[in-house]
Amino acid sequence: MSALILIDTLERIFLAYIGLGFLYAIYFYKRRLGQLEPASQKGSWGFKWILFPSVLVLWPLIVVKGQSPEQKISRLKSSNHLRQLQSPLFAFSAILALLALFAAVKGRDSIHFQLAPSALQHN
Amino acid sequence: MSISFSAIGWNPQKKIYDKILLALLAMILAVSGLTGFLLHSELTAETLLIRSSAVAAFVLLHCLLAIGPLCRIDSRFLPLLYNRRHLGVLIGLLGLFHAGFAAFQFHALGNIPARVSFLESYLQDFRFVLSPGPLGQIPFEPFGFLALGVLIVMALLSHDFWLKTLGSSFWKRIHILVYVAFAALVIHVAFGFLQTERNLGFLVLLVLGALSLLTLHTIAFFKNRRRLHLPGEMDSDGFYFVGRLSEFSENKARTVQIFDEAIALYLYQGKIHAVANTCRHQGGPLGEGRILDGCITCPWHGWQYLPDTGCSPPPFQEVIPTFAVKVQGEQILVHPKPRLANTQGQVT
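As they're listed, the protein sequences go chains Z and P. So that you can map any letter, position 113 of the first sequence is 113 in our numbering, and since no number is skipped, the others follow by simple counting. Throughout, our numbering is defined as the position within the second sequence, counted from one, plus 1000.
Keep in mind that the hints were calculated from the coordinates and are not lab data. Among the clues, some could well be false.
With a straight-line Cα cutoff of 20 Å, these simulated SDA-like cross-link-like pairs (lysine to any residue) come out [stated by the list, open to error]:
no., chain 1, residue 1, chain 2, residue 2
1, Z, Lys65, Z, Trp45
2, P, Lys1337, P, Pro1231
3, Z, Lys65, Z, Ser40
4, Z, Lys77, P, Ile1174
5, P, Lys1271, P, Ser1249
6, Z, Lys106, P, Pro1139
7, Z, Lys77, P, Arg1227
8, Z, Lys48, P, Leu1157
9, Z, Lys48, Z, Tyr29
10, Z, Lys77, P, Lys1326
11, Z, Lys65, Z, Gly34
12, P, Lys1019, P, Gln1105
13, Z, Lys106, P, Val1204
14, Z, Lys77, P, Pro1321
15, P, Lys1015, P, Asn1083
16, Z, Lys106, P, Val1207
17, P, Lys1015, P, Cys1063
18, Z, Lys42, P, Pro1314
19, P, Lys1326, P, His1229
20, P, Lys1172, Z, Ser78
21, Z, Lys30, P, His1229
22, Z, Lys42, Z, Ile26
23, P, Lys1337, P, Val1327
24, Z, Lys77, P, Arg1225
25, Z, Lys77, P, Phe1259
26, P, Lys1014, P, His1301
27, Z, Lys48, P, Asp1160
28, Z, Lys48, P, Leu1049
29, P, Lys1223, Z, Lys42
30, Z, Lys65, P, Ala1155
31, Z, Lys42, P, Phe1316
32, P, Lys1252, P, Asp1237
33, Z, Lys106, P, Leu1157
34, Z, Lys77, P, Gln1257
35, Z, Lys77, P, Asn1083
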């Protein structure tokens, strides 16, 4: 029963989030798009529609991080540092992944299968 | 550096690239499906499709992650980097298909409502966190979700509009999360597929894939470090010695790191010009580019800047900092304080 309440709550949160995304999308196309990038007003309908899923899903990010031209500041040094960090960061991720892979192979014998509840019903 | 936006930035080269990409995808799907069928003829077509889409996304992710270091090792790979974004979006779509179809297949076809079945199984994953069991029982789905989330966010923000709006530095930070997605996917495969699939070949391929990328990134890292020169002594005006004129080649750059400023010094028409080594677009290394049509051209996506002012040629409006240069006989000196040109191209 509590699982059903949790599902309902999660669904409502999700719908509210997407609903707010819709409302923000209306504002975005009416005003914010032109403010963020004046050149976008010359953009095609295809261009405007391709932005829609991003606005719908990532609207909080756009609200917080979207910058109009006059707000944009130089972050070249940060980009440069980031470029130099790419390989060490990848090495860290890959080594972590390989260690996990080693652990997964070591733990293979302890496996117990668990079918999804719907699959159990199906059978 | 376009001044207007279109839905998808296709040009003749990108169209050829996309056709090759789709052919590669078809080939991976066919080989993977056939291998799965030959090894396990009992598998259903749906399971083969779920596995093949995952294999395709995973193999293409390896290709995507190899492009960056390959370009740093050998500039002949640069056209791949220019076209890399469509590959990333395709991987995101394949991941979405894999996850969506697997969720439908395992949760929507039983007597329990799909949403209940879905949540019940994932609650089991969280139970593992509260009371850990044997290693082999570590849930693999959350790692797949993490990777999918990263890939989808990257695909959603892949358009140049978002790059410009969110700022290249922040955009790049988000895209570097692809490394997290890679690690999460290896773990997803290790604790999922590899727990039941005991064929040694799959394990060997997985390890070889990760090791190959690790090797490429290591080589690229050291090659990059060799490319970056350190300055010599400072003179009384705050200028640093950065090399001799004979060490420069026309239309090419030498890169110097003075404190936290990375500077690209270009020899153009017999004169040395110093600009920031970072492109406004995606932070590409301008010092690894060359001068084309009188403009410093970024090796990554071809954005251009005039060597003397750092301004993009009209009608574009991007500007990168420049640095004061002093020539004393054969010696080249540069001041590490950046200068930014105004909209009229006058350096202040």
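Violated constraints from the hint list, given by number and in increasing order: The structure conflicts with hints 1, 10, 12, 21, 28, 29, 32, 33, 35, although it agrees with all the remaining ones.
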